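What follows is the residue order along each chain.
2 protein chains.
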Amino acid sequence: MKEQFTTIQSIGRTGLLERLKKFKGKVNARTVKGSGDDSAILKTKSKHLQLLTTDTYIEGVDFDPSYTPFTHFGYKMVSSAISDIYAMNGRPSHILINLAIPNSLSVEMVEQLYAGINNACEKHDIEIAGGDLTGNHTHAVFTVNVFGEVEKQKVVKRSGAKIGDAICITGDVGGALAGLRILMREKKFWEQHGDDAIQPDLEDYKYVVQRQLMPEARKDLIDKFEEHDVLPSSMIDLTQGIIHEVTELCNASELGAYLYQAALPIAIETRHVADEMQEDVDKYALYGGEDLELIFTLTEKQVEQFVELFKDFAVIGRMTPKDEGLIMQTAEGDQIAFDDLS
Amino acid sequence: MKEQFTTIQSIGRTGLLERLKKFKGKVNARTVKGSGDDSAILKTKSKHLQLLTTDTYIEGVDFDPSYTPFTHFGYKMVSSAISDIYAMNGRPSHILINLAIPNSLSVEMVEQLYAGINNACEKHDIEIAGGDLTGNHTHAVFTVNVFGEVEKQKVVKRSGAKIGDAICITGDVGGALAGLRILMREKKFWEQHGDDAIQPDLEDYKYVVQRQLMPEARKDLIDKFEEHDVLPSSMIDLTQGIIHEVTELCNASELGAYLYQAALPIAIETRHVADEMQEDVDKYALYGGEDLELIFTLTEKQVEQFVELFKDFAVIGRMTPKDEGLIMQTAEGDQIAFDDLS
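These protein sequences, in sequence, are chains A and B. First residue of the first sequence: -8, per the working numbering; consecutive thereafter. First residue of the second sequence: -8, per the working numbering; consecutive thereafter.
Next up, chain A with everything else stripped away, as it sits in the complex:
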């Protein structure tokens, strides 16, 4: 069945905006006025700090529509952007969406994108408070602006880690990269064999493909911290790989870190992909980004208590003095030094 392709020209910018009005996300009490005026207007809460973050996604650079359904990408854009708010121990409350869209996109595609955006927003209690819509030459550029808040005493920065703190990570790592490797292989297959080829079965790769296309921001960790009044000493979200993020924590906290390679949480599905590709799965784990897991530091005592409350995290190392640098102990007991500390 051929999908409907309504050109944006045929309904115009105003017509498209009208059709997108139904996507409001989760309307919340803080909104005085969402879209429809010069700015969105929100109520403030006293004793809270405001959090602002923004991300731009470019067709062909940050996403490839040949294997990325628009609903998935809408979801992922929101997940990735709000993950930065959770990484401050905060709560996202409103987003603004800027779309720069070429004529190659149909009204239906934009609606699919918004359906994904809306789905993520409803799940995370976020209201869509407006944005900007403009035309572009050849490819799509999307920007997601997130607004959130955190109680003053509860903000968690990248700085703040102490020597001896355990470095913890939620979930597992390298899966999003494994998913990307599979999707790129499939894309190549299509390019070589065309539409007549038998569709490859992605069922075996469901987990890693899901990790790539629709990663989930770890609201559950922030909920658990709040519920049990746990405050990590530092935190960052995993978007560019463990080595990159731990380096950021080290630099911001002016410390070093010692990681245990054997402790890296890697899903069996991710290992299978690496084996199939004849690649080193530890590389996926150390340098693969986009998993949107949270890396945070706790005292040993906090770890002992927290492990009883929240199952889905692992301790992968500890913070050390700055002059010891960033070191990883391999499964064989060797030590590898990473020289990226500033």
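Rather than coming from a laboratory, the hints here were simulated on the basis of the structure. What you are looking at is a predicted structure, and each value in this text was computed from that prediction instead of being measured. One or more of the hints may lead you astray.
[As the list claims (entries may be wrong)] Taking lysine-lysine and the DSSO-like style, the derived pairs with C-alpha atoms no more than 27 Å apart in a straight line are: (1) K13/B with K145/B; (2) K34/A with K24/B; (3) K197/B with K24/A; (4) K313/B with K12/A; (5) K36/A with K36/B; (6) K145/A with K38/A; (7) K145/A with K17/A; (8) K34/B with K145/A; (9) K13/B with K38/A; (10) K38/A with K313/B; (11) K292/A with K313/A.
Starting from the structure of chain A, add chain B where the hints point.
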């Protein structure tokens, strides 16, 4: 003299971010943390509402680098975006900048852009609180996200105008469009005659070119409102032309409007350009956007008082019942009806 062209590749993303760190805008007391963490962190003020707005600018759609210096465009991006905050009677305090840049841009060009951004931010007491930096294929896409605030009792929306209110506008209109007409004529001239041609003298068009390239957001009006405790019943900024903006005020306030063509404030320089182009200057005034003037409604009594306090505004009409629609009385005494009201 050939300008320096340092490729972004040669210094890398991190190197570019490092060079842009010097541009902070006007650092203010509300910032807990600007760039360098997952989100920017700001203090809240109680009794205030938060304002959020965002704009995307695309090379070749929203700006043409062949006649737009990057410093000017950086300034204009900020002016245009913060104008939306002033249009709510608010104060911009922080911006986040997203740049998606192709290889055709040099490090120096990005620095020029930031110098313009920085200049506007310093002038308007705004801090640059971070953003996002990414590569793009062929052309530049910039997004400006502005964060501001307004006292709860002082927010001015598009809705709120009352029957009989005077429709007022700051400054003069159509100048930005006149400037664009001149710049496009010059561009065509260069394309036809090449670099060997004698450079046309733009001195005569200085005013209108300035209106196009570096429009100024009307902070002075908001300052004056605050100083004398004047509260307009509605307000909007002029980005798409008087007819468009007055239509927005009418729709939001569920009213009609009666405009006087003879009262439209048009600069003599704008008239000269229209004459030279053999075009109707009233079209420039009614449909020309980007002047960043503010359109606001006051009671007759407020107008009488305000005219003593602030010189740079004109009354161009009054609000009428909705069923009377949007009407303009021409200089000859005829009436033209605009049918765009919803």
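Each hint tested on the structure:
Our distance criterion of 27 Å between C-alpha atoms is broken by K13/B and K145/B, whose separation comes to about 35 Å. Under the criterion of a C-alpha separation no larger than 27 Å, the hint pairing K34/A with K24/B is consistent with the structure, at around 21 Å. The suggested pairing of K197/B with K24/A is violated, with an alpha-carbon distance near 40 Å, which exceeds 27 Å. Among the hinted pairs, K313/B with K12/A is consistent with the structure: their alpha-carbon atoms are about 24 Å apart, no more than 27 Å.
A hinted pair counts as satisfied when its Cα atoms are at most 27 Å apart, and K36/A with K36/B qualifies at roughly 8 Å. As the CA atoms of K145/A and K38/A are separated by approximately 10 Å, the hinted pair is consistent with the 27 Å bound. For the proposed pair K145/A and K17/A, the alpha carbon gap of about 24 Å is at most 27 Å, so the pair holds. For the given pair, K34/B sits about 13 Å from K145/A by alpha-carbon distance, which is consistent with the 27 Å threshold.
For the proposed pair K13/B and K38/A, the alpha carbon gap of about 31 Å is over 27 Å, so the pair is violated. With a C-alpha separation of about 44 Å, the suggested pair K38/A and K313/B falls outside the 27 Å cut-off, and the hint is violated. Between K292/A and K313/A the alpha-carbon distance is near 22 Å, which keeps this suggested pair within the 27 Å criterion.
In summary, the structure is inconsistent with hints 1, 3, 9 and 10 from the numbered list given earlier, while agreeing with the others.
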